[in-house]
Amino acid sequence: MEYINIFIKSIFIDNMIFAYFLGMCSYLAVSKTVKTGVGLGAAVIFVLGITVPINYLLENYVLKEGALIWLGEEFAEVDLSFLSFIMFIAVIASMVQLVEMAVEKYAPALYGALGIFLPLIAVNCSILGGSLFMQERQYANIGEATVFGLGSGVGWFLAIVAIAAIREKIRYSKVPAPLRGLGITFIITGLMGMAFMSFMGIEL
Amino acid sequence: MSETAEATAVVKEPREPLFSSKNKKLLSDPLNDDNPITIQVLGICSALAITVQVKQAVVMSLSVLVVMIGANLIVSLMRNLIPSRVRIIVQLVIVAALVILVDQVLKAYVYDVSKQLSVFVGLIITNCIIMGRLEAFALANKPWPSFLDAIGNAAGYGWILIAVAVVRELFGSGKFWGYQVIPDAVYDFGYFNNGLMILPPMALITVGIIIWIQRSKNTKLIEEN
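Residue numbers (the numbering used here), protein chains in the order written: chain A, 1 to 204; chain B, 1 to 225.
Certain hints may be false.
[Said to hold, decoys possible] When the alpha-carbon atoms are kept at most 30 Å apart in a straight line, the in silico DSS-like pairs for lysine-lysine are as follows:
hint, chain 1, residue 1, chain 2, residue 2
1, B, Lys22, B, Lys115
2, A, Lys174, B, Lys217
3, A, Lys64, B, Lys24
4, B, Lys24, B, Lys220
5, A, Lys169, B, Lys22
6, A, Lys64, B, Lys115
[Stated by the list, open to error] Some chain B residues well away from chain A (every beta-carbon gap over 12 Å; in silico):
hint, residue
7, Gly174
8, Tyr179
9, Val207
[As the list claims (entries may be wrong)] Computed Cβ-Cβ distance ranges for the label pairs, DEER-style:
hint, chain 1, residue 1, chain 2, residue 2, range
10, A, Gln138, B, Val93, 49 to 55 Å
11, B, Asn193, A, Pro108, 24 to 30 Å
12, A, Glu74, B, Lys142, 48 to 54 Å
13, B, Val86, A, Arg171, 45 to 51 Å
14, A, Asp79, B, Pro183, 46 to 52 Å
15, B, Ile222, A, Leu191, 39 to 45 Å
16, A, Asp79, B, Lys175, 32 to 38 Å
17, B, Thr219, A, Met200, 48 to 54 Å
18, B, Gly195, A, Glu136, 23 to 29 Å
19, B, Leu62, A, Gln138, 56 to 62 Å
20, A, Ile86, B, Tyr179, 22 to 28 Å
Don't read these hints as lab results, they were simulated from the structure.
Source: prediction; values computed, not measured.
Glycine included, each C-beta is placed from N, C-alpha and C at the ideal position.
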């Protein structure tokens, strides 16, 4: 039950885009068509689902104060948490490299479509943000952390696919010239965020 | 991008005065015509999330300024040493080291603000502005232009951040920098704070409106679609 609760919460209530604005850069840049949106969204789910649990282990067995106690009593006082940024980003960068190679080998068409944005997942704030929120919220076990990572990824996926679909349609409408492109996308995202806020307070 | 052309010109004239017109352009362009947030679409995440109060926005802009100057200078000094295949990782490590420094300083001197910024200090590492400028500028230019480019872009980022924060704090809680500026008499008259302004969606809409204003003044920035 706790798992379902975290999953739903991370998709709808703590949505990466609408509540925390994480990963906005690629969200705005790759959402011109639904196809590329789906590709990038899937890549984000995958990378978040892998990196959050790995970073959870790293946090709890290496970085946190007293986490090194499994090495022996004399390590009980060691606090390496100031290193967490650099460790998390290293894990993320190497995982992204792996995903990139896998996509290049098994789905070359998708690789061509995603172009520069696949390596840029490494600097997609939602990925590092997922790990940092995991650290801040202190999940009880690795299962919860994994579910949180996957849920955040699914939330991001939903958001980018929805905005891509809207942008495909909006091409046929008369938007005021200075608002075209970036401006209207911001405003639509704001309105979608308001819609997502109605999920607030849902508890399973 | 137009800067690349200017940049090569800068490199070819070693005896250029420190504030030549090209270098001045590096400083002034990002404020308007080539603004990192509204035109280059970089660094949106943090711009939206921490603009509820002016104080947070100012601290955030200063942190980004420091990290960016440091990163641009170091990468620009090392630009001939970094193999291009591993450049992303090298850049991430440089930026992450600088961010750790900034984070520790914030924790030591302005603990409450650092607590409010929560994960967003760490997220400066993946702030696309920094990576974007490193990739597009510092890797190909000398330290001095890179330094100016860092200041220009951080200032362009900062003014949007602060503008959004002023609007949101003023209308959302009637305050500026934590002090009440809308007098009580107005509230007695039936004025209400707009609670929606504090919530996340209004940040997006405020930036959308800033883009609208900017592009209607500067029509050459209008996009095709």
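How the hints compare with the structure:
no., hint, verdict
1, B:Lys22 with B:Lys115, "violated, 40 Å"
2, A:Lys174 with B:Lys217, "holds, 20 Å"
3, A:Lys64 with B:Lys24, "violated, 46 Å"
4, B:Lys24 with B:Lys220, "holds, 21 Å"
5, A:Lys169 with B:Lys22, "violated, 42 Å"
6, A:Lys64 with B:Lys115, "holds, 18 Å"
7, Gly174, "holds, 22 Å"
8, Tyr179, "holds, 27 Å"
9, Val207, "violated, 5 Å"
10, A:Gln138 with B:Val93: 49 to 55 Å, "violated, 27 Å"
11, B:Asn193 with A:Pro108: 24 to 30 Å, "violated, 54 Å"
12, A:Glu74 with B:Lys142: 48 to 54 Å, "holds, 49 Å"
13, B:Val86 with A:Arg171: 45 to 51 Å, "violated, 40 Å"
14, A:Asp79 with B:Pro183: 46 to 52 Å, "holds, 48 Å"
15, B:Ile222 with A:Leu191: 39 to 45 Å, "violated, 22 Å"
16, A:Asp79 with B:Lys175: 32 to 38 Å, "holds, 37 Å"
17, B:Thr219 with A:Met200: 48 to 54 Å, "violated, 40 Å"
18, B:Gly195 with A:Glu136: 23 to 29 Å, "holds, 25 Å"
19, B:Leu62 with A:Gln138: 56 to 62 Å, "violated, 29 Å"
20, A:Ile86 with B:Tyr179: 22 to 28 Å, "violated, 38 Å"
When each numbered hint is compared with the structure, violations occur for hints 1, 3, 5, 9, 10, 11, 13, 15, 17, 19 and 20.
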